[in-house]
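Undergrad: Read off the chains here:
Number of protein chains: 2
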Amino acid sequence: MNGAQSLINTLVDAGVDVCFGNPGTSEMHFVAALDTVPRMRGVLGLFEGVVTGAADGYARIADRPAATLLHLGPGLANGMANLHNARRANTPVVNVIGDHATYHKRFDAPLESDIEALTGSLNGWTRRSNSSADVGVDAAAAVAAAQDAPGRVANLILPADVSWGDGGQVATPVAARVPATVDETTVKSIAEVLRSGEPVALLIGGKACRETGLRATSRIAKATGAKAFAETFPSRIERGAGLPTVERLGYLAEQVSYQLDGIKHVILAGTKAPVSFFAYPGKASDLVPEGATVHTLADVAADAVGALQDLADLVAADVEPDLAPEHRPELPSGPLTPQNWVDVIGALLPENAIISDEANTSGLLLPTATAGAPRHDVLTLTGGAIGQGMPVATGAAIAAPDRPVINLQSDGSALYTISALWTQARENSNVTTVILNNRAYAILRLELQRVGAEAGEKAKGLLDLSTPDMDFAKIAEGFGVPATRATTAEELADQFARAVAEPGPHLIDAAVPPLL
Amino acid sequence: MNGAQSLINTLVDAGVDVCFGNPGTSEMHFVAALDTVPRMRGVLGLFEGVVTGAADGYARIADRPAATLLHLGPGLANGMANLHNARRANTPVVNVIGDHATYHKRFDAPLESDIEALTGSLNGWTRRSNSSADVGVDAAAAVAAAQDAPGRVANLILPADVSWGDGGQVATPVAARVPATVDETTVKSIAEVLRSGEPVALLIGGKACRETGLRATSRIAKATGAKAFAETFPSRIERGAGLPTVERLGYLAEQVSYQLDGIKHVILAGTKAPVSFFAYPGKASDLVPEGATVHTLADVAADAVGALQDLADLVAADVEPDLAPEHRPELPSGPLTPQNWVDVIGALLPENAIISDEANTSGLLLPTATAGAPRHDVLTLTGGAIGQGMPVATGAAIAAPDRPVINLQSDGSALYTISALWTQARENSNVTTVILNNRAYAILRLELQRVGAEAGEKAKGLLDLSTPDMDFAKIAEGFGVPATRATTAEELADQFARAVAEPGPHLIDAAVPPLL
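Respectively, the protein sequence lines represent chains V and G. Quick note: the first sequence uses my numbering, first residue 131, plus one each step. Quick note: the second sequence uses my numbering, first residue 131, plus one each step.
Chain V with its partners taken away, still in its complex shape (with noise of 0.2 Å):
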């Protein structure tokens, strides 16, 4: 047994059966071991962002990591984009990252590059395997690392003649580690703010935004009157009718501060304090109210969801959450608006679908169109690195074949990772992809007001997408998926109704206007 063969058994093992891969010569055996491994599935990206980032809508959907297949350095920094986005979800990732023989790293050849400097900056786990031997044992440990609580990127990098040489060992898996319990002091010193009498925000994140912890959020702010809050970008959370709405706190700085408005005291649960996503002259980063105290219930790394549930059984013991009701939107009608797009995914949501959204300023006004439709999760941008939505969408398509996905994605942010389509397409995943094509990068015009620049006409060039206008249907139709193109509301509901009802990948390249 090579290298790769004991790698690959040893990665299935483990519970890591599916690689999102694009390699290069120095992975060809580990390729070529994939078919001695029936268990093992293999899909391709066009891209390394596409691969990395389906690794990490896979791994939010299926709560266990895929691996991913990445072609020395620069293989790895195209992929990086999105592995900062999996860092920031907390999503376990194994990478394998191929690289030279070790006898050949000397010779600098041309893809010679510091890998070690790349994979450091993910503040995850790097090992380098030295030897066909160890590369089992190397390979459990990473696929524990990477499961280790809350969840991080493990980076095992193989060289070529690891790869490729005998003697390989399959490993036993290794437990990961769990998310610390809460304390019971913790707990009670808790109970004692929300008891305090003063306004108090409970702001919840990671693993609490499914319905346990929506739940146990719910009961305890009905109970107590604290006011419940998801965190910005969740990694994953659940909505919709009969689950509890816990609002997000919102991307500007003036929404949260609306939002947080009197409050004295702000409780986390598995996320950390509100900052503000950028700087802005003259306004605090902080977005915790002045002289409001923060407490941690569960930091990122504890049983938040245990933690809340304890809490609730203190100051809520009969209470029982609030759910939202069925309820969906009216299906609108008329030319595509920033308004009535929603509506038409609110109105004709499937049932368990998965939103893959990075739908950015066109997607300001979904989340009330879709609280009370059929239950669904949302897959949010938690690192703010754009072109994430599309390989999100893929990878979850790929841990839930039988539930239909649904990526809400803006138009400069699909450029990105545009090529997530063809791997759809390859897969006949069930993605039904609606693009918000409002021809511009709006959510950066927004922010050019912001920050108080002035724009001139050079500026406000470098923000627009519409010299030439795309044609994403086009585009989608190059790389394999049918697609539609939509400008009423009508053309749209009934597109997307289609899309949906059939198997396999669509798209729809929605003339959404920009909110401003």
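For the record, the hints were derived by calculation from the structure and aren't laboratory data. Some hints could be false.
Since the list gives no way to pick one copy over another, a pair counts as held whenever it fits inside one copy or between any two copies.
Below, a list of computed lysine-lysine pairs in the BS3-like style, where the Cα atoms sit at most 27 Å apart [stated by the list, open to error]:
#1 K235 with K318
#2 K394 with K235
#3 K235 with K413
#4 K318 with K413
Place chain G on chain V using the hints.
TA: Just chain G now, with coordinates in the frame of chain V:
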């Protein structure tokens, strides 16, 4: 004057008057400042890999750096692969990397990451600007650092508050380190090697691949019987009728072994000793023939062109270089093949063309077909990180708007940076892209054999781009570039002739089957 304005003024004073960019919120003041400095041209890319690759292509043709504008760590990461290629090309590039405001970094906002870890891996120059008053001086230093011989990637990290803060001061340009002159003793000792009577190979690289260096090289070879070769992947090599033809070393170790068979001395001028691109089981990494001695006439930072001229004057005083005669292949007919498409290019290559060559396996026969075509430049994939050809073509066209740019582009690599087409359309660039669409990662099929891996169906599937087939003409039209599809040599000839005759970008999706 704010920091951004002083930065841009300093750049243009130092000769950097094109900025390829993809900005974000932290760069909005830089974007706004563009309108206050009319001499600076801003060119938008839809993805940072396009931005950095365009800067590389621009400088290869303009012989001075462009600036880039990148959005924090993830924006830089997206541009890293083509910066890797620029590093290997010794291309001067000035990256302006926006960062959070100095006081905002400690809040670890979602887009916070370790930018210096990434820039460090480029082995270039990096400085973080700490105040608006310093940013002009820092920019002048960055331009000089980029141009220090032989050229490198210079990174200027620009915090948002340094950009928007007042007190900016325009700095005067700083002189860059020029190539070191090679001393007479070295030249004489190399002349002795050439006179030894033993078989010698003269290997040139960098600027020695331009006319002056090529003429000296040809004279030396002709007078002494040395075999002359250009490095495998020159940044820019001048070719065609009226210029000496200097054969490039092959990509495959087997080719190099044939080319250097029997050689006892390898003389280096502006390049390094040849090494295998990858390691292969049981094969040597060092491609210098066993027992041969390596002599350095000029290392990559030295004045190889001057040294070659001095050497030629010493060993070939009265010898004229051999110049390629005008010769074009006959226009072929019939279905496209790896053999005949290159003849179409050779037959129809316009005067004074720039070829951005990322044809990979499809282009193996290109050099012969174009050897007697009108004089042209070829820009190659210097660092092996695929996705370079389209951005490099885009940047080259900005540098030389009156020259026809021909992008010979393999399908798999095209998809890394396909949105470069949109920038070409926006700038109305005279780029004709020919996609060599063999529906596979054909080079990896070859490499799979060369590394001795046994491939099953899953492995083969990961190298296949035909399920589904991609329609590059549709993709191009989606990006606003007129496109056609060719399946025969006649169609390719007809479409190519029309594309180069018409202003603006064009794409031809050419169904050239794989070589193997």
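Undergrad: Now look at each hint and say whether the structure bears it out.
TA: Right, here's what the structure says about each hint:
1. K235 with K318: neither (57 Å within a copy, 34 Å between copies)
2. K394 with K235: between (57 Å within a copy, 25 Å between copies)
3. K235 with K413: between (49 Å within a copy, 14 Å between copies)
4. K318 with K413: neither (35 Å within a copy, 67 Å between copies)
The structure fails hints 1 and 4 (numbered hints given earlier, in ascending order).
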